[in-house]
Amino acid sequence: MDFSLFFVGTAGSIPTARRGLPAVLLRRGGDRILFDCGEGTQRQLVSSVGLTELTEVFLTHFHADHWLGLPGLLKTFDLRARERPLAIYAPPGLRELLTTALRAAGRVRFELDMVELEPGDVLERDGYRIAPVPVNHRGPAFGYVIYEDERPGQFDPHEAVRLGLTHGPEFGRVQRGETVRGVRPEQVMGPPRPGRKVVISGDTAPCETVRIAAHRSDVLIHEATFAQDERDRAAETFHSTAAQAAALAREAEVTMLALTHFSTRHPVALLRDEARAIFRGTVLPRDFDTIEIPFPERGEPQLVRWGEGRGLDVEDGAAASEPLRGPTS
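When you number the sequence shown by numbering that gives the first Met the number 0, it's gap-free, plus one each residue, and the end is 328.
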């Protein structure tokens, strides 16, 4: 099953000509889940992959750059005669905020379910789960961990034949967990294989909750608002430097670190260099870039640049398609 992260907006606080405000679209099978919805998010989507029929929306916190695009997005869905209910998840305070915002945007005629999450909540989905992660920012704030269920181990057809099973329905039955003609599944199936895992930090100072949640994740999306020479300013504002995000990724043994929430005060190339000096598996997505996440046995996550094959410039001196490079020691 496909699993990807589409970067709708990668700026922090202030949009630029190249970067919109924070939003990430997670695509898994037919699910389309939006994490944060900065001002202009619907325009960014229309300009790239299209304004898809979102399954759910998750907000990390209530600073304006992370949610101001939501009222307009909801109104557009209403004008397009959306009928499917839409659930929006966020820290406590969501209902009051969105009720006030919708007074300005106008009514929406589809069902809107506003869910205020608490630490420890786990949302069960078809084959995966989503859980909020408390982070260290001003006001109520969450990151999110998205993790798939374990998958059955690899089936060994040669061992199955050796034990007396025949090709066809018997193979299928034993793979579904049945004992067939005395052959138990564990005799012909390898150990369970882990599903894929993604963590989205939202805005935060470096914190232990994110490090624990991100342990051995396939992709960690972490904010990198400041360069290292402004680490004191980062601490004062409860943000992170690129180097701090890289150190956390290395400690958490993640496969790929994707930095976002870039400030206009720092060249992105500087943040890239500071992070990769600590964790080589760091990428810095541009707006409309995608990270494809295959199952581990099929390869590593891959950053695919939006400009690839479109004749567009690729900024920051990065290759059009960046393969993963492993962490430094």
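One should not assume that every hint holds.
Label-pair distances were calculated between CB atoms; the ranges are [stated by the list, open to error]: (1) 100 / 276: 37 to 43 Å; (2) 231 / 86: 23 to 29 Å; (3) 215 / 45: 45 to 51 Å; (4) 1 / 117: 29 to 35 Å; (5) 268 / 84: 23 to 29 Å; (6) 234 / 83: 21 to 27 Å; (7) 63 / 295: 24 to 30 Å; (8) 28 / 166: 27 to 33 Å; (9) 186 / 108: 42 to 48 Å; (10) 230 / 83: 18 to 24 Å.
Quick caveat, the hints were computed from the structure, so don't treat them as lab data.
Ideal Cβ placement from N, Cα and C applies to all residues, glycine included.
Hint check:
1. Separated by about 42 Å at the C-beta atoms, residue 100 and residue 276 satisfy the suggested range of 37 to 43 Å.
2. Take residue 231 and residue 86: their Cβ atoms lie about 40 Å apart, and the range 23 to 29 Å is violated.
3. Distance hint check: the CB atoms of residue 215 and residue 45 are about 36 Å apart, inconsistent with the given range 45 to 51 Å.
4. Between residue 1 and residue 117 the Cβ separation comes to about 31 Å, which falls inside the hinted range of 29 to 35 Å.
5. About 44 Å separates the C-beta atoms of residue 268 and residue 84, a value inconsistent with the hinted range of 23 to 29 Å.
6. A hinted range of 21 to 27 Å is violated for the C-beta pair residue 234 and residue 83, which are about 43 Å apart.
7. Range check, residue 63 to residue 295: about 38 Å between beta-carbon atoms, so the 24 to 30 Å window is missed.
8. For residue 28 and residue 166, the hinted distance range of 27 to 33 Å is satisfied, since their beta carbons lie about 29 Å from each other.
9. For the hinted restraint 42 to 48 Å between residue 186 and residue 108, the CB-CB distance of approximately 56 Å leaves it violated.
10. Evaluation of the 18 to 24 Å hint for residue 230 and residue 83 yields a failure: the beta carbon distance comes to about 45 Å.
Comparing the model with each earlier hint shows violations of hints 2, 3, 5, 6, 7, 9, 10; every other hint is respected.
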